[in-house]
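Assemble the whole structure, with the sequences as input and the hints as a guide.
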Amino acid sequence: MGEKEERVLEKKEKRQEKLLKKYESMEGAGKFKKWRNERPFWGATLTLLAGLMVLYIPLQLYAIAFIPGSLVFVGFLFGGLILIVGTCAYFYPKLSTLFGVITIFLSVLSIMGALGGFIIGTIIGIIGGSLCIAWQQDEISFTAPSDKKRIKRRPKHQRPIENNQSLQA
Amino acid sequence: MKDSNARVGNTIKKKFFIAFLTGFLALGGIVGIFGLTGTAFAMPLGGMGDFYVEFEELNGTNFEFIPKTGETGNSDSKPMVRNKMDSADISKLHIYKDLKLPTGNWVRVHIKAPSASINGLIQDARFIDANLSFEELSIEEKNSKDITENWTQNASTVSITNATIVTDYLFQSMVSLDGAKISMERIDEPKILQE
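Protein sequence lines, in the order shown, are assigned to chains W and X. Quick note on numbering: the first sequence equals residues 11 to 179 in the working numbering. Quick note on numbering: the second sequence equals residues 215 to 409 in the working numbering.
Honestly, the hints are just simulated from the structure, not real lab data. None of the values given here were measured: they were computed from a predicted structure. Heads up, a few of these hints could be off.
Stated by the list, open to error - Computed footprint of chain X on chain W, listed as stretches where at least three residues anywhere in the stretch have a Cβ under 8 Å from a Cβ of chain X: (1) 29 to 38; (2) 42 to 50; (3) 87 to 98; (4) 116 to 122.
As the list claims (entries may be wrong) - Each pair of labels, with its calculated beta carbon distance range: (5) X/Asp402 with W/Lys32: 58 to 68 Å; (6) X/Gly318 with W/Lys28: 23 to 33 Å; (7) X/Asp402 with W/Gln146: 49 to 59 Å; (8) X/Thr317 with W/Asp148: 47 to 57 Å; (9) W/Leu108 with X/Pro316: 30 to 40 Å; (10) X/Pro316 with W/Lys32: 26 to 36 Å; (11) W/Phe128 with X/Asn357: 49 to 59 Å; (12) X/Thr371 with W/Ile94: 45 to 55 Å; (13) X/Asp402 with W/Phe128: 44 to 54 Å; (14) X/Trp320 with W/Lys32: 37 to 47 Å.
No residue lacks a Cβ here, since even glycine has one placed at the ideal position from N, Cα and C.
If you want it as structure tokens, here you go:
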């Protein structure tokens, strides 16, 4: 086995261990922690916060927001869309990458018309979007290690007859 | 032991940092573009009542001055004039607007720019207090019932100094505000300029 492959395997093992630890911590956890585990919770929460901050300026200037062509209206649109995307990220975790990309895009564009919630909204939106993109659900498979070892140790010709597929056929 | 699967939510650091950096690069790009050029395209302002435009000097080309009636913030039809220019260079521009907040307090929104250049300027003014000088000025009258064609004034160049203009509509095809500053301040009562 090459060094590279070994490193990859080591990394995989470490990751698996990390996931196992996380899983173990989840076993005794409450309902909220389990609910959080199933979705990009912090990404979605920060996205919602960013949406509210982006909306702050257009809400302050609502008197001029609905004038045709006014950029403040664009601020309303971006802020509202970020809020919707943040909410969707809670309920459709499988699409978290897409939601993350949209959040970053809208947060950056919200500089126009809403000043990006005094830039803070934009920065929080970028962090929230990045967390949504980086979030994924990993599967941990539990197999009996002793069984695995036994199968590996036995050469093919020594396996029990019932397991030998060529004989069964 | 039986084989089983469980799912655990996890954040991949590498992906996070790539997305984070990409976001900030995009933000830097957009801020850089605005910062370098100070440019906004097709910026109309209007329909929100009077706002004030003050500047030290304006030099414009292909000036056209058309009387018209138009809507203001508190009237459907008021006499005003439409100023049109192909291009204009302005120094010490100050645009401000008084807004009433739902709480009853007044705030003044300021847009200040030491210099500005505008292409395709259309401005409807209700009141102009300024020093004006024209080159190749021509005043034309037509026997027309249309108020906008009845009387027009054209000049190849116009120079306006120390102006205070009560404006009701402003449109710019392209505006570049160098070193623009936008600020808000609380005021006790709105400014009312009567002609």
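Hint-by-hint comparison with the structure:
Look at the segment 29 to 38 of chain W against chain X: 4 of its residues bring a Cβ nearer than 8 Å to a Cβ of that chain, three or more, so the hint holds. As drawn, the segment 42 to 50 of chain W meets chain X at 5 residues by the rule of a beta-carbon pair under 8 Å; at three or more, the given contact holds. Check result for the segment 87 to 98 of chain W against chain X: violated, 0 residues qualifying (beta carbon to beta carbon below 8 Å, three or more required). Coverage of a stretch by a chain is defined here by at least three residues with a beta carbon nearer than 8 Å to that chain's beta carbons; for the segment 116 to 122 of chain W and chain X the count is 4, and the condition holds.
Under the hint 58 to 68 Å, the C-beta atoms of X/Asp402 and W/Lys32, about 59 Å apart, fit the expected range. Between X/Gly318 and W/Lys28 the C-beta distance comes to about 57 Å, which lies outside the given range of 23 to 33 Å. A hinted range of 49 to 59 Å for the beta carbons of X/Asp402 and W/Gln146 is consistent with their spacing of about 56 Å. For the hinted restraint 47 to 57 Å between X/Thr317 and W/Asp148, the CB-CB distance of approximately 51 Å keeps it satisfied.
Between W/Leu108 and X/Pro316, the C-beta spacing of about 37 Å keeps the proposed range 30 to 40 Å intact. A hinted range of 26 to 36 Å is violated for the C-beta pair X/Pro316 and W/Lys32, which are about 48 Å apart. Under the hint 49 to 59 Å, the C-beta atoms of W/Phe128 and X/Asn357, about 57 Å apart, fit the expected range. For the pair X/Thr371 and W/Ile94, the supplied restraint of 45 to 55 Å holds, since their beta-carbon distance comes to about 51 Å.
Restraint check, X/Asp402 to W/Phe128: a C-beta distance of roughly 26 Å breaks the suggested window 44 to 54 Å. Judged by the Cβ atoms, the range 37 to 47 Å given for X/Trp320 and W/Lys32 is violated: they are separated by roughly 55 Å.
Hint check: violations occur at hints 3, 6, 10, 13, 14; the rest are consistent with the structure.
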